[in-house]
Every structure is written in structure tokens, then in C-alpha cells.
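Asks: The chain contents come next:
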Amino acid sequence: MLDVTPSRTLPAAPGVGYKSRHFAGLTEAPGPVRWIEVHAENYMGAGGRPLAQLRALSERFPVSVHGVGLSIGGERALDRDHLARLRHLMDWLDPASFSEHLAWSTHDTGFLNDLLPLPYTEATLTRVAAHIDQVQTTLGRRMLLENPSTYLAFEESDMDEVGFLAELARRTGCGLLLDVNNVFVSATNQNWDPRAYIDAFPLDAVGEIHLGGHDEDEDEHGAPLLIDSHGRAVVNPVWTLYAHTIARGGPRPTLIEWDTDVPDWPTLRAEAERAATILETVEA
Amino acid sequence: MTDQRSFGSALLDPEMPPPPGLTDPQGRPAGRRFDIYRNNVAASLTEALATGFPVIAKLLGEDFFKAMAGIFLRAHPPGDPRLQLWGGKFPGFLARFEPVAHLPYLPDMARLELGLRQSYHAADTARLPIAHRDPAEVLAIKPRLAPATLILASRFPILTIWRKNMGHPDLTIDWTPETVLITRPDFDPVPQLLPEGGTTLARHLKGRLTLAQAVTATQTLEPDADAAALLTLFLSAGALTLDTTLSEGT
Numbered sequence: 075m076l077d078v079t080p081s082r083t084l085p086a087a088p089g090v091g092y093k094s095r096h097f098a099g100l101t102e103a104p105g106p107v108r109w110i111e112v113h114a115e116n117y118m119g120a121g122g123r124p125l126a127q128l129r130a131l132s133e134r135f136p137v138s139v140h141g142v143g144l145s146i147g148g149e150r151a152l153d154r155d156h157l158a159r160l161r162h163l164m165d166w167l168d169p170a171s172f173s174e175h176l177a178w179s180t181h182d183t184g185f186l187n188d189l190l191p192l193p194y195t196e197a198t199l200t201r202v203a204a205h206i207d208q209v210q211t212t213l214g215r216r217m218l219l220e221n222p223s224t225y226l227a228f229e230e231s232d233m234d235e236v237g238f239l240a241e242l243a244r245r246t247g248c249g250l251l252l253d254v255n256n257v258f259v260s261a262t263n264q265n266w267d268p269r270a271y272i273d274a275f276p277l278d279a280v281g282e283i284h285l286g287g288h289d290e291d292e293d294e295h296g297a298p299l300l301i302d303s304h305g306r307a308v309v310n311p312v313w314t315l316y317a318h319t320i321a322r323g324g325p326r327p328t329l330i331e332w333d334t335d336v337p338d339w340p341t342l343r344a345e346a347e348r349a350a351t352i353l354e355t356v357e358a
Numbered sequence: 013m014t015d016q017r018s019f020g021s022a023l024l025d026p027e028m029p030p031p032p033g034l035t036d037p038q039g040r041p042a043g044r045r046f047d048i049y050r051n052n053v054a055a056s057l058t059e060a061l062a063t064g065f066p067v068i069a070k071l072l073g074e075d076f077f078k079a080m081a082g083i084f085l086r087a088h089p090p091g092d093p094r095l096q097l098w099g100g101k102f103p104g105f106l107a108r109f110e111p112v113a114h115l116p117y118l119p120d121m122a123r124l125e126l127g128l129r130q131s132y133h134a135a136d137t138a139r140l141p142i143a144h145r146d147p148a149e150v151l152a153i154k155p156r157l158a159p160a161t162l163i164l165a166s167r168f169p170i171l172t173i174w175r176k177n178m179g180h181p182d183l184t185i186d187w188t189p190e191t192v193l194i195t196r197p198d199f200d201p202v203p204q205l206l207p208e209g210g211t212t213l214a215r216h217l218k219g220r221l222t223l224a225q226a227v228t229a230t231q232t233l234e235p236d237a238d239a240a241a242l243l244t245l246f247l248s249a250g251a252l253t254l255d256t257t258l259s260e261g262t
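Residue numbers (this note's numbering), protein chains in the order written: chain A, 75 to 358; chain B, 13 to 262.
Treat the hints as calculated values from the structure; they're not laboratory data. All C-beta atoms in this analysis are idealised placements derived from N, C-alpha and C, irrespective of residue type, glycine included. Please note: incorrect hints may appear among the correct ones.
Among the chain B residues that face chain A by a calculated CB cut under 8 Å, a handful are [said to hold, decoys possible]:
| hint | residue |
| --- | --- |
| 1 | M13 |
| 2 | Q16 |
| 3 | D36 |
| 4 | R44 |
| 5 | V53 |
| 6 | A134 |
| 7 | K176 |
In silico DSS-like links for lysine-lysine, alpha-carbon gap of 27 Å or less [to be verified]:
| hint | chain 1 | residue 1 | chain 2 | residue 2 |
| --- | --- | --- | --- | --- |
| 8 | B | K101 | B | K176 |
| 9 | B | K154 | B | K101 |
| 10 | B | K101 | B | K78 |
| 11 | B | K154 | A | K93 |
| 12 | B | K101 | B | K70 |
| 13 | B | K70 | A | K93 |
For reference, chain A alone in the conformation it holds in the complex (with noise of 0.2 Å):
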């Protein structure tokens, strides 16, 4: 009997960030998509049609769990509860994938619903770490650590982004999250050189791309400064970096994320398309 369960990986194809108003578009037309990818705090009210929806999905498409509240760089404990409904989540549903990000949204008075940057410190280090342990040790599974978009830089910091995510996974045994747009937004608002980073980083341990738009601005001095806003298109010198990423690391999952001022259905089939071209030019 043909086997239609979706794999319980992602597959090194594109996806898209799931939105319901392109249910019937996925479901009826995906083109090259070929998996989905949702923010796992939508999903964690105790019913109704978002988990109806999820469960229709996953039985259609390999699904990428992808958290935006954990807080994993936070000075204070994970939270129990939050970790909890992860866990409740991702046992309920047994995505393909669950990633996180290098950042940190908590404080005193509640969740700032951001993701804040760090210092790339050896005391960062050895928190962000502890804490992906107790992560992966209550999912039982290996997480996807993603690297941020930065607007500005700490003092402190003793160690490049780079080498601080590599140590973390070499530590950890965690996966990386490798977001291009991250990438060239971080790198144009530090000058950083966009692709040296991408030639530094541990490529074999990443497991997941994104690809997403931003906005541009400037700080008071005049120089550019680009904000990750998941709002347009990709643009073409990360389209031109995420080529050079797979040339190099080879294919691999591909998310394209528009978050806000979302397009029809077949404006973000089109950018999974432009995805699937180039993933076809280089060999798995």
C-alpha cells in the first residue's frame, strides 16, 4: 500500500509559513511547497478550528514547529508552563521539526513579544546552552537554533556571532536554523561582510532556511539600518546569498516567511518557486 503519511522530516524543498487564509490555495494548489511551517503559541489554546486546521494540514504536509516565546537567552529560568505547552504541543501533533530562536523576550512585568539580542559573551555561552539542554531533555528531541537580525552591538561581546552559534551546537548537539535574511539584515546594520559569515558558518548542522523580507531605514547618523519585518518579498541580494548557501552547504528546507502584510496565495507560491529553482541547480 502507497505509504501517504507525510515524512517525519522536512524535506530539502520549499515552504511556506503557514497563514489560514492560504488553506485553500496550499491545500488546492502547493506547487513546489512542500511542507509548512506554524509558530508553535497559535497553537496552544485547548481547541477549535487553529488546532482543527493543524491536525488537517499535518496529515498533508510534514510540519515545522517553530517557537517565538521560549526565551531561550533569558537571564531568568525558562518558563515551566510555556515549556510544558510546548511539550503538550509537540506530542500531540509530532512535527518534523522544532525550532527556536537566539534571543530573549521576558521581563519582570511580563512577555515583550520580541526577540532581544545578546552579548556574545562565554557567560551567554554557558547559559543559552544549559538552557537548550532542558529543552531538548523535555521535548526528546533535537532543537534548531536560529540566528537573529541585530540592530545593534553589546560592548561586552568577546566572540562573533558565528563562532558563538557554532560553540553552542557543538555543545549542545542542537541543530542550526539558518536565516539568510537574518544574515544580510545583521550584517548590513553591523558591518559585518554577509558572505564571509555564511563561508564561517557550520553548514553540516544546519537543518532549516528561511528566507523572508525587510524593511529599509537608516539610525541618526546615517547609516543603513535594515529591519526584519516578514513583510514583503525576499530581496535580491538574499535571494543571490541564499544561493551562494546551498552552492556551498547543499540543499536544504526552505522557509518562506511573510508575516505581516501578507500576499494572496499565488504571490507566496511565486517566491517558493523562485526558492525551488535555485534549490534545483545544485546537487543533494
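We have chain A already, so just place chain B on it with the hints.
Replies: Just chain B, lined up with the frame of chain A:
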């Protein structure tokens, strides 16, 4: 060293300077660069509040809502990352917020919008198995209110105001109290007017009585209510369930 407590406090207070130790690539203090994070926090939480309370946002207008949201989100940021459940303190905030004192129905409107959201995310349950059954059998059932069923009593015509702002602008408002029954027959919560006695019937149904006992008790306490009609309303709206444990889901 820049600790996260001072980083977070400065994010929430636009009057505070950015914490020391944060720079641009040239080592100059991060002024506008810090403001990007400030803006992300305020804008994303304001948007979440507007998404969760669309009628409040519409009644107050974009600029006013945004300014007010800025005050609310700093006083009562989400307790955890489930933004779909954020806003439990919004009705109380509105009741104390002087600039909206002339709109005394706003707290109840916030409760209604919160209730619709809670119903949307509530656990799934099976409806009462009443089709093709003998009425006497049905009346012997001991149901409970489904988790997606909520009741909101207001001193204001809260449902009419809600409907007027949700695509029915021609409705005329008669300033009398309204009680709203929210149920979720399928996946979309449906608010409707709950006639007199409905709250009493719901209270009895929560007390693990049979349908017959609950109807009788309601009729005794509220002789003017039509308890049989109320029961029909509860049954047709899918307000009741037999489930004692919640179904699959998170």
C-alpha cells in the same frame, strides 16, 4: 554589562535613555537602534490588542486606540507568549481609564470580545446526542455547559452595539440591558441575545441537574421566563455537552 532587566525596563519606558553598553558598529551609543526594539514591542503588542478587541479599536478610532494601547501594554504586558489569550485585564483598565469614562459600556464590550476569543480557542466537545430521541429520555440527560459556552450580562445593549459595529450599521440602539449567550456550534463563536431566565437556567445546568430538573427550577425561580423556550435555545445553539473530560487538543 547590560543586564536584561534594565534593557527591558528601558524598552517599556520611552523617557528612559537606552542602557549603557549598547552601540552601533562604530562604538557610538545605540540611540535610534535601541528605538527599533522599543517600537517592535509597542507596535506588535498594540496590533495584538487591536486584533483581539476589534470593536473597541473601531469605536475609539486608530489614533486614540494606539495611544491607549501604549499605556495598557506597559501596565499589563502579556503574562505569557499566548497573545490570543492576552487582555484579561483590559475590561478593568477601560473601567478606570478616565478619557473613556463617557463610554461606560466599553468594559462590557471588552468582556464580550474576550469571551468570543476564549470561546474560539476553547476545548472541543461533542454536542448532546438528542437527535431522534424520545423527549423524556432527553429531559433525563445531565449535561454540562460546553467549554466554548459563555454568558455575559450587561447593563448596556452590548450585543446590539457589537452587531452595529460588525457589519450592521443601520441597527438602532435601544438603551436597555442585554445578556449575551456565546456558543460555538462549529468553529466560529456565535453571540446571541439570552432572554430573561437564561442565566438562571445556565446556573442550574452547571449544578449537574437533569434538563427536566433545571427547567423546573428555572420556572420556579423566574415565573416570567419561558424555561422551555430557553432550553430549546440552549440545545439548538450547541451550548451543552455530555463530555466530562476535554477532548484531544492542547
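Asks: Taking the hints in turn, state whether each one holds.
Replies: Comparing the hints with the structure gives:
About 5 Å separates the beta-carbon of B:M13 from the nearest beta-carbon of chain A, less than 8 Å, and the hint is met. Taking 8 Å as the C-beta cut-off, the interface hint given for B:Q16 holds, the closest approach to chain A being about 5 Å. The interface hint given for B:D36 holds, since its Cβ lies 6 Å from the closest Cβ of chain A, which is under the 8 Å cut-off. Contact between B:R44 and chain A, as hinted, is supported at the beta carbon level, the nearest pair being about 5 Å apart and thus within 8 Å.
At about 5 Å, the closest approach between the beta carbon of B:V53 and any beta carbon in chain A falls short of 8 Å, and the interface hint on this residue holds. Because the beta carbon of B:A134 sits about 6 Å from the nearest beta carbon in chain A, less than 8 Å, this interface hint is met. Hint status for B:K176 relative to chain A: violated, with the closest Cβ pair at about 26 Å, above 8 Å. With a CA separation close to 25 Å, the supplied pair B:K101 and B:K176 stays within the 27 Å bound.
Among the hinted pairs, B:K154 with B:K101 is inconsistent with the structure: their alpha-carbon atoms are about 34 Å apart, more than 27 Å. Of the supplied pair hints, the one linking B:K101 and B:K78 holds, its CA atoms being roughly 17 Å apart against a limit of 27 Å. Between the alpha carbons of B:K154 and A:K93 the distance comes to roughly 40 Å, so the proposed pair goes past 27 Å and is violated. Annotation: proposed proximity of B:K101 to B:K70 holds, straight-line Cα distance about 19 Å (limit 27 Å).
Straight-line distance between C-alpha atoms of B:K70 and A:K93 comes to about 24 Å, which keeps the hinted pair within the 27 Å bound.
The structure is inconsistent with the numbered hints 7, 9, 11, although it conforms to all the rest.
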